[in-house]
Amino acid sequence: MPDINYLNDLVTQVRRDILRQVHKVNSGHPGGSLGCAEFFVALFQELMDRKEGFDMNGKDEDIFFLSNGHISPVFYSVLARSGYFPVDELNTFRLINSRLQGHPTTHEGLPGIRIASGSLGQGISVAIGAASSKKLNNDTHLVYALCGDGELQEGQNWEAIMYAAGNKVDNLIVTVDYNGQQIDGSLDAVLPMGNLKAKFEAFGWDVMDIEEGNNLEAVISGLKVAKSKTGHGKPVCVLLHTVMGNGVDFMMHTHAWHGKAPNDEQLAVALAQNAETLGDY
Amino acid sequence: MKKYIDSGKKDTRSGFGAGLTELGQTNPNVVALCADLTGSLKMDEFKANHPERFFQVGIAEANMIGMAAGMTIGGKIPFTGTFANFSTGRVYDQIRQSVAYSHKNVKICASHAGVTLGEDGATHQILEDLGLMKMLPGMTVINTCDYNQTKAATIAIAAHEGPVYLRFGRPKVANFTPEDQQFEIGKAIHLQEGTDVTIVATGHLVWEALQAAEQLQEGGISADVVNIHTIKPLDDAAILASVAKTGCVVTAEEHNYLGGLGESVARVLALNAPCPQEFVATNDTFGESGTPEQLMEKYGLNAEAIVKAAKKVVSRK
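Listed in order, the protein sequences are those of chains A and B. All residue numbers for the first sequence refer to the working numbering, where the first residue is 143 and numbers rise by one. All residue numbers for the second sequence refer to the working numbering, where the first residue is 201 and numbers rise by one.
For the record, the hints were derived by calculation from the structure and aren't laboratory data. A couple of the hints might just be wrong.
[Said to hold, decoys possible] Label pairs and their computed distance ranges (CB to CB):
1) Pro228/B <-> Lys310/A: 38 to 44 Å
2) Ser169/A <-> Gly258/B: 35 to 41 Å
3) Glu493/B <-> Gly308/A: 40 to 46 Å
4) Gly401/A <-> Asp244/B: 36 to 42 Å
For each residue, glycine too, the CB sits at the ideal point set by N, CA and C.
Put together the whole structure using the sequences plus the hints.
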């Protein structure tokens, strides 16, 4: 198991990867990506029981689905640095003929991707299907999914949330990136979501908060608690409290960097706040 | 002239149910999902035989499509069942992203297509689904004509890797194709030999096309009848071979002429062998309440409409 210093270095390196990917092509979504760096590192390096290589069926291993596909920069960085494809390939993000499409896809055969996402609200349903498939296969491994908080405004999520509880899909952990921001502003300004915890609980889920979603140790220990909640007849929801743009002071606590790339000067400032640790691609 | 016998009217959806029942026994990876229409889709027997492989999702079609996509991960072959309207238009983006773009092995099985759904009216009578589905890259689109063909198609699509849209209907119609047929995806069936006009038909209009061919024969017009059950990929060669003999074509389908089989045929002809074509299809309209027979007549989707179109197209040669 990697030590925490290494993992924290990895988080910093992932932030650099995110910033450099979106800067190079002057497009992409740095805000949500930065906020979820700790989550992805915790999941892929500590929590998930993964096999070497990539098999679409993911039999006898934990699998993950990203529903809010626009945070592809963090997904690609962590997949590459977890061995799914060469780290240098991050250079091709959003370029023509790349496997690293703007939003993740199986279409180009990128290892680590099991479903296309980007059009929001579909990931929980897919994760429930995969979790049901695991149960039919007597595979006791888990299915993880991440979705955005604003994304929960899509109605399909609530069809899925209702189904998972009603059918005791308890080999599933859905994490909500609870950063309170969406493209047009704060959640409260765009469409207030009310009490998300109470909503999930009312639908029959086992819900927990990870208050410090940008503290790697807190995320790891919180997700381990979530894991211990599986197998008890309820799907598990983690409300992961994060800060959009985390780790870059001028990108934090605002929706402004949801889908905007830094210019040369901004990149230099941002990278200076996140010194190279494991080596840039 | 070859004579086709109706072995007794049956609904195509029951052919689907029978095919699914057989698959349940022969293929342990086949799973079925339904959005609160188990009886209408004739999925009861599969559900009774394999409760662990049957997923009742409730009135939540978007979740059903997403779940089906997810279930392919782990090697399952999901068959989703609901009405054609709720199988396509209601969940188009879910199919587009989670199934077609992700190239998942999902079989979208859709009953009650077209005006022959009858009395429920236009809210439920989708006439746009073939167009919606054929525009999706990688989607195989099938519209079967009778009970036997629907059963055979249901069994065949389980062995096909990739997303499939299988369209069938509600009413009891003539059952005239062989009980023991092997269904070959993408392969047209040549039903009637003729020299004056080609009739290319799909779904419920195939039986009507055969009736039309008999009527045309009495009037001295020899019709070559081709059953296209697979709208995509289209059997270009079969269409071109027939038109090479006849020099004109009538296409017949229970669908809007926009986006339907007729337009697919027109493209093949435009690229290879331009010739006169007439479209037996709905004319950019919604349906309405009525009996299937009344609606087929009112919307010009029966043998009489095909005869009229055939005479017209022959005169245009």
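Consistency of the hints with the structure:
no., hint, result
1, Pro228/B <-> Lys310/A: 38 to 44 Å, "22 Å, violated"
2, Ser169/A <-> Gly258/B: 35 to 41 Å, "39 Å, holds"
3, Glu493/B <-> Gly308/A: 40 to 46 Å, "41 Å, holds"
4, Gly401/A <-> Asp244/B: 36 to 42 Å, "48 Å, violated"
Of the numbered hints given earlier, the model fails hints 1, 4; all others are met.
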